[in-house]
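Chemist: Go ahead and model the full structure; you've got the sequences and the hints to work with.
Respectively, the protein sequence lines represent chains A and B.
For the first sequence, my numbering gives the first residue as 1, with consecutive numbering after it.
For the second sequence, my numbering gives the first residue as 923, with consecutive numbering after it.
Derived by calculation from the structure, the hints in this document are not laboratory data.
Hints may be right or wrong, so weigh each one.
As the list claims (entries may be wrong) - Listed below are the simulated EDC-like cross-link pairs for lysine to aspartate or glutamate, each with C-alpha atoms no more than 16 Å apart in a straight line: (1) A:K240 to B:D960; (2) A:K723 to A:D713; (3) A:K685 to A:E856; (4) A:K240 to B:E957; (5) B:K954 to A:E234; (6) A:K827 to A:E893; (7) A:K780 to A:D820; (8) A:K794 to A:E759; (9) A:K89 to A:E283.
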Amino acid sequence: MLQGWVIASVSFAYLGVLFGIAYFGDKRADAGRSVIANPTIYALSLAVYCTTWTFYGSVGRAATTGIGFLPIYLGPTLMAGLWWYVMLKIIRISKANRITSIADFISSRYGKSQSLGGLVTIIAVVGIVPYISLQLKAVSNSFIILLNYPGIVMPAKAGAQPLLQDSALYIAMILAAFTILFGTRHLDATERHEGMVAAIAFESLVKLLAFLAVGIFVTFGIYNGFGDIFDRAELVPKLKALMTVADSGASYGSWWSLTFLSMLSIMFLPRQFQIAVVENVNERHLARAIWLFPLYLILINIFVLPIAVGGMLHFPDGSVDADTFVLTLPMVERQEALALFVFIGGLSAATGMVIVETIALSTMVCNDLVMPVLLRWKALRLHEEQDLSWLLLSIRRWAIAAILLLGYIYFRAAGEAYALVGIGLISFAAVAQFAPAIFGGIYWKGGTRQGAIAGLTAGFAVWTYTLLLPSFAKSGWLSLDFIKEGLFGVTLLKPQQLFGLAGLDEISHSLFWSMLANIGCYVAVSLRRRPDVVETSQGTLFVDVFRHTEGAGRSRFWRGSAQVQDLLPLIGRFLGPERAREAFLAYARRHGQTSIEQLQANADLVHFAETLLAGAIGGASARVMVASVVKEEPLGIDEVMNILDEASQVRAYSRQLEQKSRELEAATAELRAANERLKELDRMKDDFMSTVTHELRTPLTSIRAFSEILLEDPKTNLANRKKFLAIIVKETERLTRLINQVLDMAKIESGNAEWHTAEIDLHEVIEESVAATSSLFGDKRLSLDMALEGGVPKVMADRDRLIQVMLNLLSNAVKFCEADRGRVAVKLSAGGDAVRVDVEDNGPGISEQDQRTIFEKFRQVGDTMTAKPQGTGLGLPISRQIIEHFGGRLWVESSPGQGATFSFTLPLNREGDTRHEERTEK
Amino acid sequence: MNRSIITGQRLAAIFLLGCVLFNYPLIALFNKPGEIVDIPLLYFYLFGAWALLIGLMALAIERRKE
Numbered sequence: 001m002l003q004g005w006v007i008a009s010v011s012f013a014y015l016g017v018l019f020g021i022a023y024f025g026d027k028r029a030d031a032g033r034s035v036i037a038n039p040t041i042y043a044l045s046l047a048v049y050c051t052t053w054t055f056y057g058s059v060g061r062a063a064t065t066g067i068g069f070l071p072i073y074l075g076p077t078l079m080a081g082l083w084w085y086v087m088l089k090i091i092r093i094s095k096a097n098r099i100t101s102i103a104d105f106i107s108s109r110y111g112k113s114q115s116l117g118g119l120v121t122i123i124a125v126v127g128i129v130p131y132i133s134l135q136l137k138a139v140s141n142s143f144i145i146l147l148n149y150p151g152i153v154m155p156a157k158a159g160a161q162p163l164l165q166d167s168a169l170y171i172a173m174i175l176a177a178f179t180i181l182f183g184t185r186h187l188d189a190t191e192r193h194e195g196m197v198a199a200i201a202f203e204s205l206v207k208l209l210a211f212l213a214v215g216i217f218v219t220f221g222i223y224n225g226f227g228d229i230f231d232r233a234e235l236v237p238k239l240k241a242l243m244t245v246a247d248s249g250a251s252y253g254s255w256w257s258l259t260f261l262s263m264l265s266i267m268f269l270p271r272q273f274q275i276a277v278v279e280n281v282n283e284r285h286l287a288r289a290i291w292l293f294p295l296y297l298i299l300i301n302i303f304v305l306p307i308a309v310g311g312m313l314h315f316p317d318g319s320v321d322a323d324t325f326v327l328t329l330p331m332v333e334r335q336e337a338l339a340l341f342v343f344i345g346g347l348s349a350a351t352g353m354v355i356v357e358t359i360a361l362s363t364m365v366c367n368d369l370v371m372p373v374l375l376r377w378k379a380l381r382l383h384e385e386q387d388l389s390w391l392l393l394s395i396r397r398w399a400i401a402a403i404l405l406l407g408y409i410y411f412r413a414a415g416e417a418y419a420l421v422g423i424g425l426i427s428f429a430a431v432a433q434f435a436p437a438i439f440g441g442i443y444w445k446g447g448t449r450q451g452a453i454a455g456l457t458a459g460f461a462v463w464t465y466t467l468l469l470p471s472f473a474k475s476g477w478l479s480l481d482f483i484k485e486g487l488f489g490v491t492l493l494k495p496q497q498l499f500g501l502a503g504l505d506e507i508s509h510s511l512f513w514s515m516l517a518n519i520g521c522y523v524a525v526s527l528r529r530r531p532d533v534v535e536t537s538q539g540t541l542f543v544d545v546f547r548h549t550e551g552a553g554r555s556r557f558w559r560g561s562a563q564v565q566d567l568l569p570l571i572g573r574f575l576g577p578e579r580a581r582e583a584f585l586a587y588a589r590r591h592g593q594t595s596i597e598q599l600q601a602n603a604d605l606v607h608f609a610e611t612l613l614a615g616a617i618g619g620a621s622a623r624v625m626v627a628s629v630v631k632e633e634p635l636g637i638d639e640v641m642n643i644l645d646e647a648s649q650v651r652a653y654s655r656q657l658e659q660k661s662r663e664l665e666a667a668t669a670e671l672r673a674a675n676e677r678l679k680e681l682d683r684m685k686d687d688f689m690s691t692v693t694h695e696l697r698t699p700l701t702s703i704r705a706f707s708e709i710l711l712e713d714p715k716t717n718l719a720n721r722k723k724f725l726a727i728i729v730k731e732t733e734r735l736t737r738l739i740n741q742v743l744d745m746a747k748i749e750s751g752n753a754e755w756h757t758a759e760i761d762l763h764e765v766i767e768e769s770v771a772a773t774s775s776l777f778g779d780k781r782l783s784l785d786m787a788l789e790g791g792v793p794k795v796m797a798d799r800d801r802l803i804q805v806m807l808n809l810l811s812n813a814v815k816f817c818e819a820d821r822g823r824v825a826v827k828l829s830a831g832g833d834a835v836r837v838d839v840e841d842n843g844p845g846i847s848e849q850d851q852r853t854i855f856e857k858f859r860q861v862g863d864t865m866t867a868k869p870q871g872t873g874l875g876l877p878i879s880r881q882i883i884e885h886f887g888g889r890l891w892v893e894s895s896p897g898q899g900a901t902f903s904f905t906l907p908l909n910r911e912g913d914t915r916h917e918e919r920t921e922k
Numbered sequence: 923m924n925r926s927i928i929t930g931q932r933l934a935a936i937f938l939l940g941c942v943l944f945n946y947p948l949i950a951l952f953n954k955p956g957e958i959v960d961i962p963l964l965y966f967y968l969f970g971a972w973a974l975l976i977g978l979m980a981l982a983i984e985r986r987k988e
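Modeler: Next comes the structure, spelled out in structure tokens:
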């Protein structure tokens, strides 16, 4: 059943499903409901790391080096532990600067240098093209092997087939078309491809399931589990050797260098950068991926060794390439469906890698290689074009086609020279060259553009000489002499034993020398001079990204003048006029303006425009383009340093300011409370004035009225005269009493009152007061109970003042008691260090609300404006002042309807008194 | 993302632990013939250590308070 057309149609159906997913993902993204906004999808899409090199190649590597395939996956697992610091920082920087590729990242960091971006692009393309050709080779080989089913036939040398019959050519063309459809459907200012990411996540799932399926089939279907396979392997010396690594320094060394290499690759392979950084929807997703992605890696590796051992047991003569065991084992067992599934799994591994990698590379080629050249090429008159977005898209499409074509050419030319895994490692070593410039760039402000260029150039040159050229030589393009004899016959220049360094495998050897050259040149050249203005400002923005993202720090380093009507058309030329207007309008709204015309072309807006443009054509070109329409006044290095100093000072000031404002708020609250209190007092004073004037007017009115009668009517009889004069005297007394009380209060309040403190007996005081008020009791026919404890100690107080208090309390009790039925009780008791006096009545009682206010000055129970007041409202406040003066306490306990009990205590010693004196003096 | 300092330090510690577990001399201890539950010693050790690291990372990430 595995005819060519079946395989082809299943493959196309699979690609159709992929496209459907991508289409759906893009639609959902446009509708604002992202399907990839999910940490699990993010982690799955990161598994684009596992290409056909993993899918087919791991088994091949395991068949020759045993456990040696593992460092490629252990490295990323280790690196994931550092993502929390490193990857998060890179993502934050990239989002803040709208960075769209690794070339853009490096060139932005080192002063938005176009030459640096170009260099990175060239290294990436040269390093990655063999890797892409590897995918073509894997798909084409697996297709040919499957086509020969049920026979197991290894594909002939690639170059042997005529061009038009070569399946790899068609695969390359299909992949190119597919990638163009996926990756360049429209020009996005952020260069994100949600649909593509959804498809990649799906592909990761497919390849994992396919590999697990074949692993389970081999381990448990062909053999009886892990134990069985390893037991059989024990019997074959060649297989037994695979279970350990050679116990030598060199093998541990290469183990370490492969781990290190893969740690760098997981960060800096263009496809990993694209997925992990550029396509990242939300940096929170990174957290889950830190453990989910390594989990994916361990799952896809569990069955590698069993499949390798199983394959070697099955094909002991070596007629079948170990790279194909994943496919050939199901085939030889006549599992057609499984074999087809494995083929699809391999296809998904290849397409995932090719799609993301070519999109990433095409962005770099377009933004950092082609556009800078085109924009400088005056003859093209590009600056007169109104809309260049079509140009960007078509450059990218051509770049995708060109990269795949390059991959195919390499595939035809290199042929079978290398096993799959070899090519992958060469690519890894190429992208590892980015590490010093990036790590240095995000943690060290001292790196300069020349330093980065020198480091990258030196590392790339050493890589080319020690890895790429020897691989060309092994492919037969170059004479093998220079490997064996060294360049020009100089033994020290042997590319794989440079300067006589022998005993390392070629990857470790190349990694050591290229990293030495790269880091050495980067640091040494960077230290030759101080970073210039742009490098300092960009360096600060990158290294201190966690401090700068929230504020408007980005535009601090720009000074000059610009016009909105210059900026808008510029952005419109690259993004399309419509989208540019939308973006500017959104910016205007964010800044509280309703239209673009109201926008001020200040430093913030210029930065916004440049960042927007950077998303489309890369940071370096964006800077050049924006600089062409605005007039920038260059800042001196000293000014930049000043700004940085100012920034830290400003931070300190703002902290102080916050502190001050908190203090101020507290003070304001206090003041407000005091003000409320004052207003209340003022209101109470007004109330009192009206009460007092009312009180004063009443006796005055009657005094005046009776005086006038006496004056105008001399014939009034004697009895009436006497009566009238008696009223006048009584009213005058009332006036005097009122005025005395007001004066008394004022004296006590101001501390001018006279106190005649002596030892007094409260017993006497109470009896005297009761005697003085007995006529009041008699008038209303109230009963009075006395319960005075004997032997109460004497207290230090002013006798007259205490009598005043007692009289006030007693007369209050009388005032509020009903005639005939009223009962008043006076109690005296001693307890602890105080004596206590209670005056209890059975009047109407005092509501809780009133209990709080009756001790305040000028307050009376009841409405003073309507009911006739029962007193001056000063009696209780004066009493309380007196008691408190002697260190005692005066309070009331009551509930409405239950009568009221006024109580006071006086301390037995004089401490309270002296304390009080001190307080009043203040 | 909440840049919790303690989570970052835990992950860095796991990274360092992994560097030790996956390198000479520790792997040399297990680099000899022999089997544990029918699985070659080195193979068993590497996958065990690997799973341990992933478990620790999952623990550090999922149990942090955001």
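Chemist: Hint check: A:K780 vs A:D820, CA-CA at most 16 Å. Holds or violated?
Modeler: holds, 6 Å
Chemist: Decide if the proposed pair is consistent with the structure: A:K89 and A:E283, CA atoms, cutoff 16 Å inclusive.
Modeler: holds, 10 Å
Chemist: Verify the proposed pairing of B:K954 with A:E234, using a straight-line Cα cut of 16 Å.
Modeler: Status holds; Cα separation ~13 Å.
Chemist: Checking one constraint from the list: CA of A:K827 to CA of A:E893, max 16 Å. Satisfied?
Modeler: With a Cα-Cα distance of about 15 Å, the restraint between A:K827 and A:E893 holds, given a limit of 16 Å.
Chemist: Just to be careful, I want the Cα atoms of A:K240 and B:E957 compared with a cutoff of 16 Å; is the pair within it?
Modeler: Holds, at about 12 Å.
Chemist: Given the proposed pairing of A:K240 with B:D960, does the C-alpha separation stay at or below 16 Å?
Modeler: holds, 13 Å
Chemist: Straight-line Cα separation of A:K723 and A:D713 no greater than 16 Å?
Modeler: Holds - the C-alpha atoms of A:D713 and A:K723 are around 15 Å apart, at most 16 Å.
Chemist: Need the status of pair A:K685, A:E856: alpha-carbon distance at most 16 Å?
Modeler: holds, 11 Å
Chemist: Quick one, are A:K794 and A:E759 close enough, alpha carbons at most 16 Å?
Modeler: holds, 6 Å
When held up to the earlier numbered hints, the structure conflicts with none and fits them all.
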